[in-house]
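> Residue numbers (my numbering), protein chains in the order written: chain W, 2 to 319; chain R, 2 to 319.
Check before you lean on any hint, since a few could be wrong.
Given that identical chains are not distinguished, each listed pair holds provided it fits within a single copy or across any two copies.
Within a straight-line C-alpha distance of at most 20 Å, the following computed SDA-like cross-link-like pairs (lysine to any residue) qualify [what the hints assert, rightly or not]: (1) Lys253 <-> Lys295; (2) Lys268 <-> Asp153; (3) Lys35 <-> Leu23; (4) Lys123 <-> Glu305; (5) Lys274 <-> Lys312; (6) Lys277 <-> Asp308; (7) Lys123 <-> Met272.
These aren't lab readings, by the way, just hints derived from the structure by calculation.
Protein chains: 2
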Amino acid sequence: MDIRTGLLEGKKRAAARLITMLENESEEGIAVLKEFFHLTGRSRIIGITGPPGAGKSTVTDRLAKHLRKLDKKVAIIAVDPTSPFSGGAILGDRIRMSDLNTDEGIFIRSMGTRGALGGLSKSVNGAVKVMDIMGYDYIFIETVGVGQSEIDIVKVADTVVMVMVPGLGDDIQAIKAGIMEIGDIFAVNKSDREGAERTVTEIEMMLDLNGMDEYRPPVKNIIAIDNIGIDELYEDIEKHNIYMIESGAFIKRRMKAIEEEILGIFKENLMSKVSKLQQKTDYMTTLITEVYGKSKDTYTAASELSDIINKEGGKISG
Amino acid sequence: MDIRTGLLEGKKRAAARLITMLENESEEGIAVLKEFFHLTGRSRIIGITGPPGAGKSTVTDRLAKHLRKLDKKVAIIAVDPTSPFSGGAILGDRIRMSDLNTDEGIFIRSMGTRGALGGLSKSVNGAVKVMDIMGYDYIFIETVGVGQSEIDIVKVADTVVMVMVPGLGDDIQAIKAGIMEIGDIFAVNKSDREGAERTVTEIEMMLDLNGMDEYRPPVKNIIAIDNIGIDELYEDIEKHNIYMIESGAFIKRRMKAIEEEILGIFKENLMSKVSKLQQKTDYMTTLITEVYGKSKDTYTAASELSDIINKEGGKISG
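Next comes chain W alone, as it looks inside the complex:
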């Protein structure tokens, strides 16, 4: 199957192959993406994030099924909280989503973190573009909301749903506080559990502290597993989208995401030049040894590296 024809015919297999090619930084993959780039920008991108165990997969699953009833095509990127070292994925409840994958209108892609989180961000961006080209109406990015890298991933979304859960200990308030500010909508899942109302109150209080924008994120109790509150959550997502478009914030956020993406590719291209240089010349090893021996400092080493990449850059990448 030709990948271009496959994409145009909406074949999932072609999309999956292109995503893998982009993950591997294949030049052919990038060439295809460039060709079809004019078809991007049409999908709605929804981030689903929150602490581990909050039920993000279930929320995504239920929202996807709701959208299918409205005859929307849905793509899901599930970012697994894997070990940054071994790359072993903790599949957990992804498996529950497998029934979705038989539906032609749904496309699911799992991604592991595999150490290179900058690379993950790029992989997610690549997958979003491919799904966008394929004409999926909604693209969900589901990722665990801890750490800067995960926040970076979800920042490409037009709307971020923060899935919370009752009874999160005080211990992780610190993390929660760090990620609260990216939530456009808060869904307190498993709200048949004790403490659901308190969690809602706590979130409302944090939002009070954030100062007043014209848009205030709604905070809702849901029980995703029983489909309770999913319709309302969908309505909130639509309302947020309307607000974003009418206020001009939509364009601003997309422009910001584009900026991050360009800079990300720019940085990774440079890093790939560095690693090519290293393969050819052992230049990095020399620098490191000099710094270790104190005959050179790290700043000088970095600027020498910069000079050599500038000079050799064209040759190396050619």
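Since the structure of chain W is provided, determine the placement of chain R on it from the hints.
Below, chain R without anything else, positioned relative to chain W:
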């Protein structure tokens, strides 16, 4: 006070000022660091990490006091789990450490994450260098063990102590699994709590799965607040150091840290060229607008940015 004289005389105020200068990427600060760079590489760097609420500050506090009794000079870098957006620090138990700060042989520096986590890594590296120049025997880096960025920070350490706590829910097992592999020593703190033995067993089981190195991280119960197990923890740190040196792993780890540091500075220098370019020419805005309008793709934009930085780089940074 001249900063150079202050450094040579071991004045904390001079060190604090230089660290701030490095955080702000001051050229004078970098010049001073370069001058004194030959004095680095003598301190032992100990990472203290683990989930929020495990009592990392208390462990650091008790280890520092133990080392003071052995007449060692101790520096502590406490990385606060702040909001990546507002920069507001959650001080929490840092305050408890304030009694340490009156001791001339102890130097404490708090650092917030402030959005730019690449920047934080660089700031931590800068602070480590300054403390090293000042002749502190031990430098502790204390940071919450969640997310890739935090792991990157702690990777500069020669020895990483992972502080755990009994009764961590299954929910954060995923995170734990991700950070287990950087632990050289495991200390199960607050081990008078229920479930301490089970936590030890769980950690041992995870270590069993990791395959066998010649070095196996010890797992110990401690109660830092009551000073129980601190002596043994110190012994374990020393044993790990001896193993690292004798096996040659010490040099390897330091070389790796130097490599990361050079690449980090290299990347940030480039980013600073990009932002200087942006200030002068609005070039980035043009690129972003073109990508938003689909007249250009992100890959093409990134490579054009690369070309212009190569060409203009010298002029911009000059």
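> Hint numbers the structure violates, sorted upward?
none
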